[in-house]
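Chains as they are written, first to last, in full-length UniProt numbering: chain A, 1 to 457; chain B, 1 to 457.
No lab work stands behind these hints, which were simulated from the structure alone.
A virtual CB, placed ideally from N, CA and C, is assigned to each residue, including glycine.
Be aware that one or more of the hints could be misleading.
[Unchecked claim] Pairwise CB distance ranges (calculated):
no. : chain 1 : residue 1 : chain 2 : residue 2 : range
1   : B       : Arg379    : A       : Asp69     : 44 to 50 Å
2   : A       : Asp135    : B       : Thr383    : 29 to 35 Å
3   : B       : Glu120    : A       : Asp69     : 23 to 29 Å
4   : B       : Tyr189    : A       : Gln391    : 21 to 27 Å
[Said to hold, decoys possible] Using 27 Å as the maximum straight-line C-alpha spacing, the simulated DSS-like pairs for lysine-lysine come out as follows:
no. : chain 1 : residue 1 : chain 2 : residue 2
5   : A       : Lys424    : B       : Lys380
6   : B       : Lys358    : A       : Lys64
7   : B       : Lys210    : A       : Lys385
8   : A       : Lys431    : B       : Lys380
9   : A       : Lys424    : B       : Lys397
10  : A       : Lys64     : B       : Lys357
11  : A       : Lys191    : B       : Lys385
12  : B       : Lys394    : A       : Lys385
13  : B       : Lys64     : A       : Lys358
14  : A       : Lys294    : A       : Lys380
15  : B       : Lys64     : A       : Lys191
16  : B       : Lys357    : A       : Lys431
17  : B       : Lys394    : A       : Lys424
Now for the letters of each chain:
Protein chains: 2
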Amino acid sequence: MGRKSPCLKPTLVTILTFVALYAFFNTFLTPINPNPLSFESSSNSPFSILSSSSSSFNSPPPVKVYLYDLPRKFTYGVVESYLKARDPSISIPVDDVSNLKYPGNQHSAEWWLFSDLIKEDRYGSPIVRVLDPEDADLFYVPFFSSLSLVANPIRPVSGVNVNSNVGGSVYSDEEMQQSLMEWLEEQIYWKRNNGWDHVFICQDPNALYKVIDRIKNGILLVSDFGRLTRDQASLVKDVILPYSHRINPFIGEIGVEGRNSLLFFMGNRYRKEGGKVRDLLFQVLESEEDVIIKHGAQSRESRRMATQGMHSSKFCLHPAGDTPSACRLFDAIVSLCIPVIVSDQIELPFEDAIDYKKIAIFVDSDTAVKPGHLTKMLRKIRTEKILEYQQELKEVKRYFEYDDPNGTVNEIWRQVTLKLPLVKLMINRDKRLVRRELNEPDCSCLCSNKTGARPTF
Amino acid sequence: MGRKSPCLKPTLVTILTFVALYAFFNTFLTPINPNPLSFESSSNSPFSILSSSSSSFNSPPPVKVYLYDLPRKFTYGVVESYLKARDPSISIPVDDVSNLKYPGNQHSAEWWLFSDLIKEDRYGSPIVRVLDPEDADLFYVPFFSSLSLVANPIRPVSGVNVNSNVGGSVYSDEEMQQSLMEWLEEQIYWKRNNGWDHVFICQDPNALYKVIDRIKNGILLVSDFGRLTRDQASLVKDVILPYSHRINPFIGEIGVEGRNSLLFFMGNRYRKEGGKVRDLLFQVLESEEDVIIKHGAQSRESRRMATQGMHSSKFCLHPAGDTPSACRLFDAIVSLCIPVIVSDQIELPFEDAIDYKKIAIFVDSDTAVKPGHLTKMLRKIRTEKILEYQQELKEVKRYFEYDDPNGTVNEIWRQVTLKLPLVKLMINRDKRLVRRELNEPDCSCLCSNKTGARPTF
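Just chain A, same shape as in the assembly (with noise of 0.2 Å):
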């Protein structure tokens, strides 16, 4: 300290002004992230860096989205009948939106992603919200329209039929979705790109059914594509999205501590189609001394016990349904509990990004009601191997919660964006095709080569 001189040279005083100047215009009038530099500009810059992740300078810009500003009835108006038809004491429409809750459902995505982009910081998203259609690469129609098929009241109103489309004041979700396509259609960017450029969220398998056929060059936000057929719907065009979990998330740590039983199911022992396997899982597994297999409907009360039978059990069953998905695989992963699936025609939400066979188990129909097979087969697996299937799911686990920042709904967008290039692609390439004659649709495909593979784990 005594030797500090009280004066120091010009000369630091200028080397240090120099990189401050420096540092002022490289960190403050620079973003943090710079936007794609042409490559040209970037080459002359002074203090260009040749760096091995030089492609990022050819990323593309960020997938601009436009929310469309659709008549209230179809968003906020859909809530508000869902609470009005179970609390007729309700005042609606509500003065605040802010204080309108969606009601607590497998496939309130509709709502997350409608909540998402009309936030005012989506800091991190992977998609910037514009507010000129203009501007947009794609439109949002943010029609709440698995809500709508539940929004009627659960039980008949006493002289009306809740079926029938006219009576006055009971809801309807057909002539919502015809009054939505009433209005779409006459919006000129629906026109413009015939709705190549257009998404819409239809989560339940039965949303938007009455419509399906006017939206099906839209890119659809689906749980799975039991009830859509090839041309309506693909892994190419659509996004495959999770259900909602219902049940809390296990907060541990990893372990086969506390998880004693070895296989849990808890849901409807009867399903249509692919879901008839179901009755037969049950009847070979319902005997077994460290499997837990129990019919129950949607409840508070399931709820709390399957919170409890997947939260304390090594394996949780994953029988198809009516269709191939179901929210319990998802509450499944939350509680780390591993899957196993048994539904044929499945197709699982960001499969790009997540290899499921590290988080689940797959066993084809025809061989899990082998009396005996399946826990069999589940005892084999060594605790090491448990764990790291626990330790997987724990990795992946914010792709299916819908409230983490960085979870569900970016990758939701994430996916969306991908879409984008195909998206231009058909709307330059339909803009030019020729009147043709063909012996069959006019369609591009990806394939699958596989004639067919062990189930193995």
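Add chain B to chain A, keeping to what the hints say.
Chain B alone, transformed into the frame defined by chain A:
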């Protein structure tokens, strides 16, 4: 100057030092374009800026490509065989491959891509070459498959049947294809993912035809789908490449001065399949005064004449050949001669980025061969509209210049990177698919719902 203080206050120095230190950390310890920070870490940064381009934080890492070190005979060896067959005095193998010249031809993309990948400085490319296959997202197989098709001697060597696969020193493309597959099928990275992550170039419609079913999982770089079935190739899985233009680009400005003929075509009058339209077009066009339509084969002299014709015509006819594509289209584009495309099945390169309706006129075959129709339609197009087309042609020209540093090569790689999410999806999905008996192939498709569009311009 007289007021300059020789001695600065320590406070200022402290501030400057602090700023300089911050600058040092911020500038020199952070790459120019840092890789995606996690959402959490970026929002905790003391100097985080909430920019509208926040999405770049979620931008994917660069796509990493491994270039197979194929036995020499599949790359430089093909060029040598080709040259040797034409000039037996050449001594091969050459000592210095940098002297080896790939022959000028329309299928030279295989040479350009290979040369690009082995370049030291790949700055500005949408992909990064990795030297360890473990790091790779995609694997490039650089066999010169198109040149291999024509590497045989033009005239049979006396006493040897060039069509025989047995002839000792005679080059056999079919043997090369078989030999490539034998080599590849031994590679662990080929076996690992059933070839989904492999990239092949087969620009000539006949290239790799013998083994196409063994490589069809891969990304194929092709000119069109004329000789490929739907389960072998598609717009979704593969990439359409432009041919290398064979005539010199038009250097001048846009304009109609010096472009006195209305429509130009020079090429083979007689072709198979869709190309049969050519003879009909000759019949309706050859008597028109301001139309130049000539029968001619590939030669240096015909290229000179084609250059002159394309540089001095407003429109250039592009009828289908044996397959829907042909290099003539790209000759026309770089000539700023507005292409008139009469090829009902044509697929076009980079159509997500290029709106071909802005640079070309599409006429279906039936309409094009109606006597008087085509010329009448073209004569009606006003000069302003012609200049608009030319301006657009000028803007997209770089996409068709293989030697432009920001041209075709980068665009092909960009197209390849766009396939990666679907490649990863198919890899993961195939691993967990259970054996299924299906009535039809397991395909995901993107279908045009266009039932027909009147040719317009």
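Review point. Looking back at the numbered hints, which does the structure fail to meet, lowest number first?
Key: 3, 5, 7, 12, 15
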